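Chemist: Chain residues, written in single-letter form:
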Amino acid sequence: MSENIIEVNGLEYSYGNFKAVDGVSFFVREGEIFSFLGPNGAGKSTVINILTTLLPLQKGTVRIAGYDLSKEPEQVRRSIGIVFQDETLDRDLTVWETLELHGRIYSMPKSERRERIDEIIKLVELQEKRDVRTRNLSGGMKRRLEIGRGLMTRPKVLFLDEPTIGLDTQTRRRLWDYIKMVNDSGTAIFLTTHYMDEADLVSNWIDIVDHGKIIASGAPIALKDALGRDVIYLQTDNDEAATGILKGLKAVQNIKATSQGLVVTINADGTRCLPVIMNRLHERGIDIKSVNLKKPTLDDVFVHYTGRDIRNAGAEKLPRIQPKGGR
Amino acid sequence: MSYEFLTIYWRDMLRFVRFRIALVASLIQPALWMALYGAAMSSNFSRLSSGMTVPDGGMAVSYLTFMGAGVIALTTLFTSLFGGITLLFDKNWGLMRELLASPMPRNHIIIGIGLSGVTKSFIQSMVIMAFGLVIGVRFFPGYSLLQTAGAILGILLFVGIFSLGFLFLSSAISMTMETPEGLQAVITLLTLPLFFASNALYPIDAFPGMVRIISQFNPLTHLVNGVRYFAIGSDFYAIGIHYVYGMNDVLISLLALIIFAAAMFLVAWRVFKKAVVT
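If you're matching them up, the sequences are chains A and B in order.
The first sequence begins at 1 in my numbering and counts up by one.
The second sequence begins at 328 in my numbering and counts up by one.
Just so you know, the hints here were simulated from the structure itself, not pulled from any lab data.
Misleading hints may appear alongside valid ones.
[Said to hold, decoys possible] Incomplete in silico selection of chain B near chain A, CB under 8 Å:
{"#": "1", "residue": "R424"}
{"#": "2", "residue": "P430"}
{"#": "3", "residue": "D576"}
Predicted model, so just to flag it, every value in this text is computed and none were measured.
Beta carbons are placed, not taken as given, at the ideal position from N, Cα and C, and that holds for glycine.
Turn these sequences into a full structure, and let the hints guide you.
Modeler: Given below as structure tokens:
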């Protein structure tokens, strides 16, 4: 028994001459939240469409829930739940009918279906909208309904393609609560999103894809640490002397003097460097007025790996970050 | 055997009943046609054919009765040709990805849409027959109750098979088209020749040779043959022309419709198997 719910090896996909996916390999562990991030046109959607059987498998192997995608696509379909990027609802069916239809096309027996529908409606808190047509639901309610629908058949993995796009902050937070709740009950989540802060908060593992290739891979914290771009903001009574002292430190990469004080970029873990720096300055009699440490965000990681300069340099030269004992 | 196509059927019928305006319009339209076009043409034709005599013992049939069968056929044609349009909307703005990503075999979508379309055509045909009888269409002349019931079943058999054929075609076109405008254009393009090169509203006999041959391959002509056979009889006079439908003619028409429907199913199946909606 494999403990990977998704295993992808050497996946390639071309639209005519354009290679949208160029040799992608990754795996998703059972019960984890896996984020697949990348700029628009990076090949994310193509990958998710292949995994959900909406696009044919051209090259490579994919196993989902133990089934070979090329040989048993129907079993794969039965094992997954999907929340599509665009709204995929019949606007003239009610909430209940939407779920009933889903249960029926997935061949759920009637008694089980009816029981699950009640459970799901409660789970996504749409009890009062049960007999309301979906055209009359708010954006957040529609999303909740779609997530609930994806969970109807108790899938082992739920694909969420930009689940929170276009929703307000409050609705997004609530949706994440649902998604985490679903994940806690054992369903693995395959996620794509544009919201880096969200991916950072919820993911166990992140793969960043660009130009059809995976260019970085790791747990969110490891990705951020590996960037080595911790920044320390310092205000002292003698910035000039402080600069002189800090220049001698190995971890210090760059020092910039601004009217607000010094901005020190370091290439090591800032939380460990900061006490050293403060001690050193203190020993030399420099008084520190204020200090601030900023770790890079996932946004910084993302821009670093997918930014313009990186593109020109060619993605293949980038390091693959695989911290020891990552997951 | 799996029955997921019943789900597609259920959903399409839900929408049909829910769209009250579309429902009512689809029932009023054929009635209006009969009431206006039928009444107008019927007085013209009876004036033109007043000099023609029907031999003793021959059954003369009014133009209204003659065209009654044609109106059933044309209404079925229009309804069926547009029956697949819901798939285009699903594809562009709705449920299609959900359906295609499900374990349900794709031909169930075609079959489900086909069955709901046939149901709609049955309802329309019954309404036209009932309304026709009210305004003076003389269907089922001298039939016993049992014969009438049999004749209605015969009509529905022809309507059903014909309707399936065009629903499959419509589904295939809808899945291929990108926009409702494109679909509209293609369907209009198809409708007119089918309509005019048929015996729905006037006899084929006077058509120029080429058009007459085309009309023999027109499924609409075969549907009208079947409906007239069951609704009026195997031997009658209308607009000064002697109509004789032998059992063979009716069976050939039925066979032609079955072949047409089967061919269209294969076309639709092929389109759906290859369909990629992302």
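Chemist: Each hint should be assessed against the structure and marked as holding or not.
Modeler: Structure-based check of each hint:
no., hint, result
1, R424, "5 Å, holds"
2, P430, "4 Å, holds"
3, D576, "43 Å, violated"
When held up to the earlier numbered hints, the structure conflicts with hint 3 and nothing else.
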